[in-house]
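So the protein lines, in turn, are chains A and F.
Position 27, counted from 1, in the first sequence is what our numbering calls 27; the numbers after and before it change by one each time, with no gaps.
Position 114, counted from 1, in the second sequence is what our numbering calls 114; the numbers after and before it change by one each time, with no gaps.
What the hints contain is simulated information worked out from the structure, not anything from laboratory work.
C-beta: ideal position from N, C-alpha, C; glycine also.
One thing to keep in mind: the hints can contain errors.
Said to hold, decoys possible - Going by beta-carbon spacing under 7 Å, a handful of chain F positions derived as facing chain A:
#: 1; residue: G42
#: 2; residue: L43
#: 3; residue: D56
#: 4; residue: F74
#: 5; residue: E101
#: 6; residue: G108
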Amino acid sequence: GQSLEQPSEVTAVEGAIVQINCTYQTSGFYGLSWYQQHDGGAPTFLSYNALDGLEETGRFSSFLSRSDSYGYLLLQELQMKDSASYFCAVRDPGGKLIFGQGTELSVKP
Amino acid sequence: DAGVIQSPRHEVTEMGQEVTLRCKPISGHNSLFWYRQTMMRGLELLIYFNNNVPIDDSGMPEDRFSAKMPNASFSTLKIQPSEPRDSAVYFCASGIRGAQETQYFGPGTRLLVL
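Full structure from sequences and hints, please.
Following this line, the structure appears as structure tokens:
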């Protein structure tokens, strides 16, 4: 089976950097994705790591270490609009995504 | 592109009634996913299709739930009979087979069963 763990909530101030961690246990692993969901909205794709290392997309970066079954999402220069829930998700060999429970990020002025 | 389209956006119904949720995926996408989201259980995959064929329906809660994809541009999720515990937000998402790590979600249907 698959299971993912991420913190339930994180608080940070505007302009700061925040890291959201995700650890996973899987019977098969094809990659780790990150999604953002604003309150009342739909999840939107942020990034995907299939290989170890850091992927950067603007203010957001995602890291993966397959040997540690660990990844993180790094958000820099935080803005108020970054307040949302962030989900890590593992893609299994069958092609489906298993989502974590989500981390609610609150950005304070 | 219009993105994934879902209807209705909101549905309020009484226990025992049939509910049908509809989804139009992004043109050219050949994978379609139905999810349910609740505070207690988070985001759960119910069923997904590749090229209109159901691949994995292990997340479908019980026989009251059924899903169809008669063609590449339309899918339905039906609940019959509905129960209060089915109240949730139901999302449809589409993607490209082989790249399912990137999924595009519709706006969701907020279902309330009284």
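When the nearest CB of chain A is found for L43 (chain F), is that gap smaller than 7 Å?
Hint holds; L43 (chain F) Cβ to chain A Cβ min 4 Å, cut 7 Å.
Margin query: Hint G42 (chain F) vs chain A: min CB-CB distance below 7 Å?
Written below: holds, 5 Å
**OP:** Have a go at the D56 (chain F) hint: is there a Cβ in chain A nearer than 7 Å to its own Cβ?
**Re:** Constraint on D56 (chain F) satisfied, holds at 6 Å.
Does the interface hint hold: is E101 (chain F) within less than 7 Å of chain A, judged Cβ to Cβ?
-> With a minimum Cβ separation of about 5 Å from chain A (threshold 7 Å), the hint on E101 (chain F) holds.
**Report entry** Hint status (Cβ of G108 (chain F) to nearest Cβ of chain A, threshold 7 Å)
**Finding:** Because about 6 Å separates G108 (chain F) from the closest Cβ in chain A, which is inside the 7 Å limit, the hint holds.
Discussion item. Holds or violated: the hint that F74 (chain F) contacts chain A, with Cβ atoms closer than 7 Å.
Written reply: violated, 19 Å
The structure does not agree with numbered hint 4 stated previously, though it agrees with all others.
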